[in-house]
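Colleague: Here is how the chains run, residue by residue.
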Amino acid sequence: MGTDQKEPILRLTGISKQFPGVRALDNVDLSLFPGEVHALMGENGAGKSTLISIISGLLNPTSGKICLADEEVTFASAIQAQKAGISTITQEFNLVPQLTVAENIFLGREPTLRVGLLDWRTIKRHASEVLSELGLNVPLGQRVCYLSVGDRQLVEIAKALSMEFRIMTMDEPTAALNAAEVARLFEIIDKLKRRGIAILYVSHRLREIFRIADRVTVLRDGERVGTRPLDELSEDDVVTMMLGRALKKEADIYQQIPGSEKAALSVKNITVPGFVADVSFDLRVGEVMGCAGLVGAGRYELMRALFGLLRISGGEVEINGQPVSLSSSSDAIRYGIYMLPEDRKIEGIFPDLTVRENLLISAKRLFRRWSELSINSQEEEEQYQGMRNSLDIRASSSGQRIAKLSGGNQQKVMLGRALMSNSRILLLNEPTRGVDVGTRVEIHAIIRKLAQNGYAIVVSSSDVPELVSVSDRCLVLSAGRTRGLLDRAQINEDNITALAIGQQIIVGNR
Amino acid sequence: MSNSAESLSLRSIFSVSNATRLIQVAESLGVFALLMIVVTVASIISPGFFTYTNLTNTLITASITAVTGLGMTFVIAMGGFDLSVGSVQILTAIVVASLLSVVHPLLAILGALLTGLAIGLLNGFLISKLGLPAFVVTFGMMSITRGVALLVTQGQSVMITKHIEFGLLNNGKILGLPVPFIIMMTVFVVLSVLLKHTPFGRHACAIGGNRTAATVSGINIDRVTITVFGLVAVSAAISGVMLSSQLMIVDATLGTGFELQAITVSVLGGTSLAGGHGNLLGTVFAALLLATIASALNILKVIAFYQYLALGVLLLFALAIDTARRVFIAKALLSRA
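These protein sequence lines are chains A and B, in that order. Under the numbering used here, the first sequence is numbered contiguously, ending at residue 599. Under the numbering used here, the second sequence is numbered contiguously, ending at residue 343.
By construction, these hints were calculated from the structure, which means they are not laboratory data. Each hint should be verified, as a subset may be incorrect.
Unchecked claim - No more than 27 Å apart at the CA atoms, straight line, and that leaves these computed lysine-lysine pairs for BS3-like:
{"no.": "1", "chain 1": "B", "residue 1": "Lys202", "chain 2": "A", "residue 2": "Lys213"}
{"no.": "2", "chain 1": "A", "residue 1": "Lys172", "chain 2": "A", "residue 2": "Lys280"}
{"no.": "3", "chain 1": "A", "residue 1": "Lys172", "chain 2": "B", "residue 2": "Lys135"}
{"no.": "4", "chain 1": "A", "residue 1": "Lys95", "chain 2": "A", "residue 2": "Lys282"}
{"no.": "5", "chain 1": "A", "residue 1": "Lys95", "chain 2": "A", "residue 2": "Lys154"}
{"no.": "6", "chain 1": "A", "residue 1": "Lys172", "chain 2": "A", "residue 2": "Lys154"}
For clarity, every value in this text was computed on a predicted model and none was experimentally measured.
Using the sequences and the hints given, assemble the complete structure.
Modeller: Below, the structure written as structure tokens:
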């Protein structure tokens, strides 16, 4: 790299950010050199997003200096940061669904003709240039709402690339991308590096960091733990820096449970129109069954159908040997099935309700007993405390708004909600998406523990290592059909991935 | 073998982009088809309908509604709506009628348009700078404006006696077409260009589609909001001038429910209340449809009260279609993802 001979293009010194009641960043230094990919890591709540927001002009630091090529700057808005050459790819989708691909790319800085009308020719030419650089083959006139999630993320990247910039911040850019798209993104990052662009890259995925980043800065509780070249570090070192302690090995989590042969949930040849065709499996009591598949394989639709949210058109579902019909989520809950949704923010939490209310929202069936009309806050508080202890939920009080918690703690509340529903069959979708490594391991341990206690659990996840570490068996879907049902001895990342991408290799026992 | 190849190619032909194009075409054509059906039925069952006089009158009524409807489409595309247009229409109708007795007609019209603009800018200011919801602000403004109209007229009618040539705005013909229709088409063309081919229009849609994205992209949301609310109020003022010229005698009790008509023609024309895009052509067709239904009911000697029923039913119908369309798109997307 030779970064030490160059001058940093961006230098942050002593950056602190005080929010009411929380010190999100405390005296953080960070330097970015031209042509380097600098990873920013830390658990949820460590201050990564705050730091990125400060760099991209969305927040102002309480104290500290930002220098761009030795010149001190302050950004009053995201636009000023953009004009100064800082381009941002955010975690949230910042596209307008009803506008077209080309319109989105140039939103806010449309080239115009002299009379004030849009210069469509220039817009189209520039847009198609960036898109072809990204290898994204979508019509420019397509409205963004009709694109797949992965394509949208690529359009977002195209938007960032279409500006003049010297520094790019990327906040979890691969979260919605499939393997091929990730590979393409990495090629682009390499190109940008060669052009001398400095990239600040946030991701929870350690492997990615080691693949593309040169240096890493680790934050913990708003403080900088250290900045190191990655070739001096191992994955364990980074995790230790992030947690301040060594991580319990993922491999230690899995323990074979003497399995029951009793099927809690038996699915026979079910079809969900448009998504899933002819899928069968038995989910046994005390078992964690993984469900793997690429985006679009029908995993989430299968889960939603089993939770009564999508119509099942053919086949049978049996619970404890009894055929059931699931036409709504309240049906499913009555039969003892509970599902954690894929997108916690949109489908899961009630951001303005308290932690306790969020936890207990599914616990009561309203109007079943008149006494339940009143809220027994002491009883609720006890229930909350019990769940808080067993799941190690870190909230300042039961009355705290859930939106204030980190993603990992929100997810634990969601798990608690599932447990409070009195269901014995749990369908968990992406249980650790957007969750930091420490909490991720805790959640995996909780899942295994629940199985030991006789729950029957399906973990549907795009995170293959996660499936490997928690599953007793693993169902692999591709294009809505079963590609395989791996048993424990066959479960490894290669086998799952090979089946998921539809390779017709038969995986033998090893 | 050949069967599977065939289904594969069929599948790729009927890709999402084709499906969405179909939806987009259907959005305009749907209401147009409905219009054609109603016109046909009306002409068959009542010989009085397909006469020159009646068609002209229907066209004039439709044009007055459409002008405000077009402005409303712009606001709805921005994710808001304006309940004060009915009151603005009547206040400006009174302003122009009153001014005609003292100043040149052009100045009188200008006065009416400026009155509308002022109210609209005030709406926009309260919504953007004070962060009040559009519903509350325009609902309040609806009552305030109506109150002002009642106060300045003292509840009396204002009759246009000077500058009778003002009536030409209603009865006049250019190239055989009624002037109100020409006015409406002009508004349509201007707003279409603004909406589709200027940064301003794209920014309005961006705000309606994803406010955060608009902010992050450096769009001055306050300025666009204020401008759009100014624009819809001016469109209501144009309708007010047209109404004044049509009736030649106006009072402050007229124009109730006009906001409902404007919203109905927007939504019926294919503009989703969810915001993000506006279908101006659809709005024009929907206004024609509304006027045709009213005229048919008139000729059939149906009591005028039923027209309120018809309007309500149409609005609910339009909203139901809008929802169904969104569900359909969501499904198309899911199967795609």
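Colleague: Please go over all the hints and tell whether each is borne out by the structure.
Modeller: Evaluated hints:
1. Lys202(B) - Lys213(A): It holds: about 15 Å lies between the C-alpha atoms, which stays within 27 Å.
2. Lys172(A) - Lys280(A): The given pair, whose Cα atoms are some 22 Å apart, holds under the 27 Å limit.
3. Lys172(A) - Lys135(B): holds, 25 Å
4. Lys95(A) - Lys282(A): holds, 14 Å
5. Lys95(A) - Lys154(A): Cα-Cα ~20 Å, so holds.
6. Lys172(A) - Lys154(A): Given that 27 Å is the threshold and the Cα spacing comes to 18 Å, the pair holds.
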